[in-house]
Amino acid sequence: MDPLGQNAHVEPPQGAIHRRAAAKTSCYAKQIIESDFKEQGLEEEDLAWIAGGLVDAGSATSTANFHNIVLYLAACPDVQATAAKEIAAVVGDDRAPAMSDVSPLPYVWACIEVLHRNTMPPWAIRHFTDADVTHKGFVSPKCPAVVCDTVALQFDEERYPDSFAFRPERYLGHTEFAGDYAAMADAQPRDHWTFGAGWRVCPGTRPAKSNLALMLANILWAFEIRPPTGAEKGGKGSAIDLSDDAFDMYPLRQARPFKAGFCLRLMLQEGLTVEAAF
Numbered sequence: 025m026d027p028l029g030q031n032a033h034v035e036p037p038q039g040a041i042h043r044r045a046a047a048k049t050s051c052y053a054k055q056i057i058e059s060d061f062k063e064q065g066l067e068e069e070d071l072a073w074i075a076g077g078l079v080d081a082g083s084a085t086s087t088a089n090f091h092n093i094v095l096y097l098a099a100c101p102d103v104q105a106t107a108a109k110e111i112a113a114v115v116g117d118d119r120a121p122a123m124s125d126v127s128p129l130p131y132v133w134a135c136i137e138v139l140h141r142n143t144m145p146p147w148a149i150r151h152f153t154d155a156d157v158t159h160k161g162f163v164s165p166k167c168p169a170v171v172c173d174t175v176a177l178q179f180d181e182e183r184y185p186d187s188f189a190f191r192p193e194r195y196l197g198h199t200e201f202a203g204d205y206a207a208m209a210d211a212q213p214r215d216h217w218t219f220g221a222g223w224r225v226c227p228g229t230r231p232a233k234s235n236l237a238l239m240l241a242n243i244l245w246a247f248e249i250r251p252p253t254g255a256e257k258g259g260k261g262s263a264i265d266l267s268d269d270a271f272d273m274y275p276l277r278q279a280r281p282f283k284a285g286f287c288l289r290l291m292l293q294e295g296l297t298v299e300a301a302f
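Here this note's numbering = 1-based position in the sequence shown + 24.
FYI, nobody ran anything at the bench for these hints, they're computed from the structure. C-beta atoms are modelled at their ideal positions from N, C-alpha and C, and glycine is treated no differently. One thing to keep in mind: the hints can contain errors.
[To be verified] Between beta-carbon pairs, the in silico distance windows are:
no. : residue 1 : residue 2 : range
1   : Gly82     : Val175    : 19 to 29 angstroms
2   : Ser187    : Pro281    : 24 to 34 angstroms
3   : Pro227    : Pro101    : 33 to 43 angstroms
4   : Glu68     : Ala169    : 24 to 34 angstroms
With the hints as extra help, turn the sequences into a complete structure.
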């Protein structure tokens, strides 16, 4: 009996993984199945949770980030215009951006950086001490939850003036991946703390940022995103709310339902816009 569906991704996917392993199809799950996992005290169900966790964690945060970036872009036409110009210069208009096109798009990467500064879990992921820890005279006993106050760090007005503004220019000088910044002994060059700190840095930083950059490049290559219009708005664009009231704060900081207009760039001359609800 599994009333919460917690084992839903163990079977039948587990059987499919074994078939792929037998067929010599390479994937992460195949590699851990073929490892010496039993010598590490793991069972096959543990492997299913390890592999499934990558999908679970990545899909929810990516969906939330997609909603958030659409909200910000609808409210920031200047940001859109700058990013779209950069994409057009690198990719052109006869094909969609591919992963190989993303690297030379510094402004697009900066958009992802400032998006990630609006951290998904508002207080990061809780961890627990497995022994008493003393740091600068402060004693943290074994077992209590320890959290990183990412909101205070990432919206510090001294570090980021007008900190809640969606301003990609802040990050044009950050050219490394979050995991590389997290490994630095000096915390000052850090881009943000969304992916954690110390030994507990999220292992999915590189694919998360790369996939979001590719997604953003494709969206802005194809569409211009606008505030909602229509009879209910008097035929005029309405202001986009970017305050804290526009977001659900827990467990993920995700934009609450909103509307935005999507206009195909190839059809801009016709003035055709499709309005979508998120």
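- Which of the listed hints are not met by the structure? none
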